[in-house]
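S.K.: Please construct the entire structure, taking both the sequences and the accompanying hints into account.
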Amino acid sequence: MAIAPGSRTIAAQATERPELAALSDDGLRVALSRMHLIRKFEETAEASYMRGLIHGTMHLSIGQEASAVGATLELARDDYILSTHRGHGHCIAKGADPARMFAEFFGKENGYCRGRGGSMHIADIEGGNLGANGIVAGGLPIAVGVGMSIKAQKQHRVCMVFFGDGAANEGAFHESLNMASIWRLPIVFVCENNKYGMSMDIARAMAVANVADRAPAYAMPGVTVDGNDLPVVVAAARPAIERARQGGGPTLLECKTYRLRGHSKSDRNLYRSKEEIEAWREKDAIRRLESELIAHGRFDEGELLAIEQAAQKTIDDALEFAKASPNPDPAQLTRDVYAD
Amino acid sequence: MPTELVVPEAGTRELSYAEAIREGLAQAMQADERVFLFGEDVGVYGGAFGVSGDLFHKFGPERVIDTPISELGIAGAAVGAAITGMKPVLELQFSDFVTLAMEQIVNQAAKIHFMFGGKATVPMVVRLPGGSGTGAAAQHSQSLEAWFAHVPGLKVVQPSTPHDAKGLLLAAIDDPNPVLIFEHKLLYKTKGPVPEEPYRVPIGKAAVRRAGRDLTIVGSSIMAIRAVAAAARLAGENIDAEVIDLRSLRPIDLTTIAASVRKTHRLLIVYEGVKIMGIGAEISAMIAESDAFDFLDAPIARLGGADVPLPYNPVLEKAAVPQEDDIVAAARRLVREGRA
Numbered sequence: 001m002a003i004a005p006g007s008r009t010i011a012a013q014a015t016e017r018p019e020l021a022a023l024s025d026d027g028l029r030v031a032l033s034r035m036h037l038i039r040k041f042e043e044t045a046e047a048s049y050m051r052g053l054i055h056g057t058m059h060l061s062i063g064q065e066a067s068a069v070g071a072t073l074e075l076a077r078d079d080y081i082l083s084t085h086r087g088h089g090h091c092i093a094k095g096a097d098p099a100r101m102f103a104e105f106f107g108k109e110n111g112y113c114r115g116r117g118g119s120m121h122i123a124d125i126e127g128g129n130l131g132a133n134g135i136v137a138g139g140l141p142i143a144v145g146v147g148m149s150i151k152a153q154k155q156h157r158v159c160m161v162f163f164g165d166g167a168a169n170e171g172a173f174h175e176s177l178n179m180a181s182i183w184r185l186p187i188v189f190v191c192e193n194n195k196y197g198m199s200m201d202i203a204r205a206m207a208v209a210n211v212a213d214r215a216p217a218y219a220m221p222g223v224t225v226d227g228n229d230l231p232v233v234v235a236a237a238r239p240a241i242e243r244a245r246q247g248g249g250p251t252l253l254e255c256k257t258y259r260l261r262g263h264s265k266s267d268r269n270l271y272r273s274k275e276e277i278e279a280w281r282e283k284d285a286i287r288r289l290e291s292e293l294i295a296h297g298r299f300d301e302g303e304l305l306a307i308e309q310a311a312q313k314t315i316d317d318a319l320e321f322a323k324a325s326p327n328p329d330p331a332q333l334t335r336d337v338y339a340d
Numbered sequence: 001m002p003t004e005l006v007v008p009e010a011g012t013r014e015l016s017y018a019e020a021i022r023e024g025l026a027q028a029m030q031a032d033e034r035v036f037l038f039g040e041d042v043g044v045y046g047g048a049f050g051v052s053g054d055l056f057h058k059f060g061p062e063r064v065i066d067t068p069i070s071e072l073g074i075a076g077a078a079v080g081a082a083i084t085g086m087k088p089v090l091e092l093q094f095s096d097f098v099t100l101a102m103e104q105i106v107n108q109a110a111k112i113h114f115m116f117g118g119k120a121t122v123p124m125v126v127r128l129p130g131g132s133g134t135g136a137a138a139q140h141s142q143s144l145e146a147w148f149a150h151v152p153g154l155k156v157v158q159p160s161t162p163h164d165a166k167g168l169l170l171a172a173i174d175d176p177n178p179v180l181i182f183e184h185k186l187l188y189k190t191k192g193p194v195p196e197e198p199y200r201v202p203i204g205k206a207a208v209r210r211a212g213r214d215l216t217i218v219g220s221s222i223m224a225i226r227a228v229a230a231a232a233r234l235a236g237e238n239i240d241a242e243v244i245d246l247r248s249l250r251p252i253d254l255t256t257i258a259a260s261v262r263k264t265h266r267l268l269i270v271y272e273g274v275k276i277m278g279i280g281a282e283i284s285a286m287i288a289e290s291d292a293f294d295f296l297d298a299p300i301a302r303l304g305g306a307d308v309p310l311p312y313n314p315v316l317e318k319a320a321v322p323q324e325d326d327i328v329a330a331a332r333r334l335v336r337e338g339r340a
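These protein sequences, in sequence, are chains A and B.
Our numbering puts the first sequence at residues 1 to 340.
Our numbering puts the second sequence at residues 1 to 340.
Simulated from the structure, these hints should not be mistaken for lab results.
Zero decoy hints are in this set.
DSSO-like mimics (lysine-lysine), calculated; alpha carbons at most 27 Å apart, straight line: (1) LYS154/A with LYS119/B; (2) LYS323/A with LYS119/B; (3) LYS108/A with LYS119/B; (4) LYS263/B with LYS275/B; (5) LYS58/B with LYS151/A.
Here are the computed distance ranges between Cβ atoms for each label pair: (6) VAL208/A with LYS191/B: 51 to 57 Å; (7) ILE277/A with LEU254/B: 54 to 60 Å; (8) ARG17/A with HIS150/B: 55 to 61 Å; (9) GLY171/A with GLU62/B: 25 to 31 Å; (10) ALA324/A with HIS150/B: 35 to 41 Å; (11) GLY85/B with THR334/A: 22 to 28 Å; (12) ALA211/B with HIS156/A: 56 to 62 Å; (13) GLY171/A with GLU14/B: 40 to 46 Å; (14) GLY171/A with PRO152/B: 24 to 30 Å; (15) ASN238/B with GLY171/A: 56 to 62 Å; (16) ASP291/B with LYS154/A: 54 to 60 Å; (17) MET102/B with THR57/A: 21 to 27 Å.
Cβ coordinates follow ideal geometry from the N, Cα and C atoms, glycine included.
M.R.: In structure tokens, the structure reads:
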């Protein structure tokens, strides 16, 4: 049944599940806006790549928006995140400016990293994003040091580190979770389990069913949630963030999700079926949340459309900013190899 | 700090190389609460080679931190702490174990400043006991410093005296870049004059240990010590050797080497690392590419480690790296016969 704009009172009669009820309209507006920004940023990046405007490669997180946005929604501006090679979503979710991200993508001087990093190394230090990482599990040990730093400086910050299911099989995962636990560091480990480490199905790569099943080995809470369900991700991240902030130590939060695009631009999807991809498309986090919000009368279609259109406008402007930005000067090639 | 750049008179107080490092650590930790020492067994045990000694009792477990045996993890923790306001000094128990930490040092620490467009700095120090001569065999005796001198973004130093061990450590802690200090296990107990007050030995500056006319011998760490001893013996044969102690491998002080070669017309490079593809090749090429080349009266000569894993048997172990006798013989041939 289609629900017409303005039908708020009728729909609101249905009881909201607690995960949704816990979210304010403002919080939901921010979350939806960020999910749209991520989706449109990546669709636009993909289109730009197809048109030859961007070189190199890229790792798109289309389909995974809810885990990036949900996990970070209740972080403070000065909390830290560490991200992955599939990191555009985390960066936007932490509040980065898509224009400077696009400029980085285009290799331009006013990108976040002056065009030296590119898609895989976007960092927004002022915004608390300590960087995407081209090495699987590269951010995990760094998070331990960030946690030590927060503790030593007696700050009330939290460090949230994202990694994929593939990273959970790196030695760095074991070393990092162990140290975070013995030192009760203020870290939230967020595994975005998108089922594949490039082409390797997690079921073939790991002997337990869930990455979070490993949490007991580190004496920390382990939670596995539907990573395509934004209110559920927010609800799972909330106690983990709180626990970290209060000195209770780390949590391992696993968001089961799916990347609808290939691993990178070279992926021909030989390892998974069209049916599987389609089945996950049906679980699209953005449309799912929007339907639920309409059903409960939280927003009407006009409001949702306005949020989406505003995101589109931001991304369109960001793209123009990137195109118009200057290229780095080759005479500056070796600048910033060392800090003065 | 600028006044401390003027290295004070050595005075008469003698410390061992290990004691000098410990004093430097204590002074740095006293002066700056961001500085902390961590690593395997650096606490109550006092460090595998006794370098941290009683620092644990002086500064407590929050600033002298014992870590699990997790080299990759602790190297990454140093990176994370460094990019968020701390000044970590990491001890790796044997420099060989850096192989387990390569990812974080080479991919992360060395590149973050550049990759993020100069927006983050990584002021971390890694102390690595290296070198052969203790009967520790193939996995505990290597000299791997050249690997790191190959990586843009890292600085690599190799002190030979207690004086420089303290001064280079304090300079490394001040430096906003990742600095690797390759200490030599055989030097820890050697004694020499060390000023009590804090001072810095500038990174990137070689020291002329002995002035001479007939040839230039370049070495660092224990090879600089052996070269000085060899030069004293050569003087008895009327061969006047100039000895340059590199102190830093990256940045390397080509100016001092080239000036010496222009004066002596002969160059012998001595290093403990495997001879081929090493420091000697680089210095040799740098001189060959410079105007100092025109001053050479003999081919540049290298004495380096044998092309084998370090053997256990003490006779074989000695034969695998340049000894004082080898330096004397090579220098004599270079001066008397025109090639080593």
